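Undergrad: Protein chains in written order, with my numbering: chain A, 1 to 72; chain B, 1 to 72; chain C, 1 to 72; chain D, 1 to 72; chain E, 1 to 72; chain F, 1 to 72.
Worth double-checking, as some hints may not be accurate.
Copies of the same chain look alike in the list, so a pair counts if it works inside one copy or between any two.
Taking lysine to aspartate or glutamate and the EDC-like style, the derived pairs with C-alpha atoms no more than 16 Å apart in a straight line are [unchecked claim]:
hint, residue 1, residue 2
1, Lys2, Glu45
2, Lys18, Glu41
3, Lys2, Glu41
4, Lys18, Glu53
5, Lys2, Glu17
6, Lys52, Glu17
7, Lys2, Glu44
8, Lys18, Glu68
9, Lys18, Asp31
10, Lys52, Glu68
11, Lys52, Asp20
12, Lys18, Glu47
In short, the hints are calculated from the structure, not lab data. These figures come from a predicted structure and were not determined experimentally.
Protein chains: 6
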Amino acid sequence: MKLSTRNRLPGTVVGVEKGDVVAKVTVRVGDNHVVSLISRESAEEMELEAGKEVMALVKATDVMLMTEDGLA
Amino acid sequence: MKLSTRNRLPGTVVGVEKGDVVAKVTVRVGDNHVVSLISRESAEEMELEAGKEVMALVKATDVMLMTEDGLA
Amino acid sequence: MKLSTRNRLPGTVVGVEKGDVVAKVTVRVGDNHVVSLISRESAEEMELEAGKEVMALVKATDVMLMTEDGLA
Amino acid sequence: MKLSTRNRLPGTVVGVEKGDVVAKVTVRVGDNHVVSLISRESAEEMELEAGKEVMALVKATDVMLMTEDGLA
Amino acid sequence: MKLSTRNRLPGTVVGVEKGDVVAKVTVRVGDNHVVSLISRESAEEMELEAGKEVMALVKATDVMLMTEDGLA
Amino acid sequence: MKLSTRNRLPGTVVGVEKGDVVAKVTVRVGDNHVVSLISRESAEEMELEAGKEVMALVKATDVMLMTEDGLA
């Protein structure tokens, strides 16, 4: 399987909050947390729950960059 | 400054490839690489170059999740 | 702070509607209204409510254009 | 014609910069400028050029919000 | 009316599931089903319901590609 | 492999146009054409070329809906 999506961050689910149509899934990736809003249906079909290993995928056009004053 | 964007991944620019209108910026975030496609204009205004510290920002609705056979 | 996001529209919150996971925030920008769907968590952390001044941010790749018959 | 896209900002094209595959179109909307990255093909089919009236469309899920220190 | 959005898939609504803020609309496009998450407000204004003919619109930057082992 | 992305449209590549940083890939899906803008790097790694079978993937939050006057 090859995917055009450039960014693939391996992590572990640490929380799933199910709304009526949308679910919020929090994933620990290294030292960071990544939050994903997906359909509730997807969360259930994928049997997402704390402890499950997942890959967070993000298209390159969806990544913004910020620099802060005082940073290198 | 408070931002609605949930995902903020601190990293270091490792490469900038400038096209005519779009630039591809590669950022090292922990053990991963994150690729961003932004306008060339942004890349120049932000003076992005290898070694510069940046924050990669991603909206929660732009994060997909994948599970693989054999994982957890 | 410098941001790769090209579009920054200053406005005033005129309404916040909180769902279980997602919140809908309406912002007046000049003569227009801009609607944003963000996580409920973000809306609460940012203490968004009518009257609050905010900046609406949109990536250039997320702007579509339409022309209508009869227009210039 | 009805469209699910919530945000429709009427404006006037002030600049078009054509790259090989992507075009950058700048639109004046009230007191703001809105930048759009679309395919070069779209820009040509729509005959976009300075002075043309357009509608900039943005999905509600693509609008982020920022508050700044010192603002209301 | 001309639209920069490249992808326009004609189809028929086969289901609408309304959450508090977001609605999930399922559309049959040829042999496939396409699922759309839009604001509940949009779904109501457009009077979306099973049997209604719609056009599903997707920006070219929002289409990812995958190839699978064993294919072509 | 399970993916949160709801929309998976099987098709055949009918054209690839490579820019300096971005590539435009056109895919025939049933009676429709789907255009994808991805990084040139992805297009090359995936060895995309006319005749190759691919799956076009689109997140549910990236699908807009339009109804037209005169349609059912």
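Undergrad: None of the hints should be skipped; say for each whether it holds.
TA: Verification of the supplied hints:
no.: 1; hint: Lys2 to Glu45; result: between (22 Å within a copy, 8 Å between copies)
no.: 2; hint: Lys18 to Glu41; result: both (10 Å within a copy, 13 Å between copies)
no.: 3; hint: Lys2 to Glu41; result: between (25 Å within a copy, 13 Å between copies)
no.: 4; hint: Lys18 to Glu53; result: neither (18 Å within a copy, 30 Å between copies)
no.: 5; hint: Lys2 to Glu17; result: neither (30 Å within a copy, 19 Å between copies)
no.: 6; hint: Lys52 to Glu17; result: within (15 Å within a copy, 28 Å between copies)
no.: 7; hint: Lys2 to Glu44; result: between (25 Å within a copy, 11 Å between copies)
no.: 8; hint: Lys18 to Glu68; result: neither (34 Å within a copy, 22 Å between copies)
no.: 9; hint: Lys18 to Asp31; result: neither (24 Å within a copy, 30 Å between copies)
no.: 10; hint: Lys52 to Glu68; result: between (34 Å within a copy, 11 Å between copies)
no.: 11; hint: Lys52 to Asp20; result: neither (22 Å within a copy, 24 Å between copies)
no.: 12; hint: Lys18 to Glu47; result: within (12 Å within a copy, 23 Å between copies)
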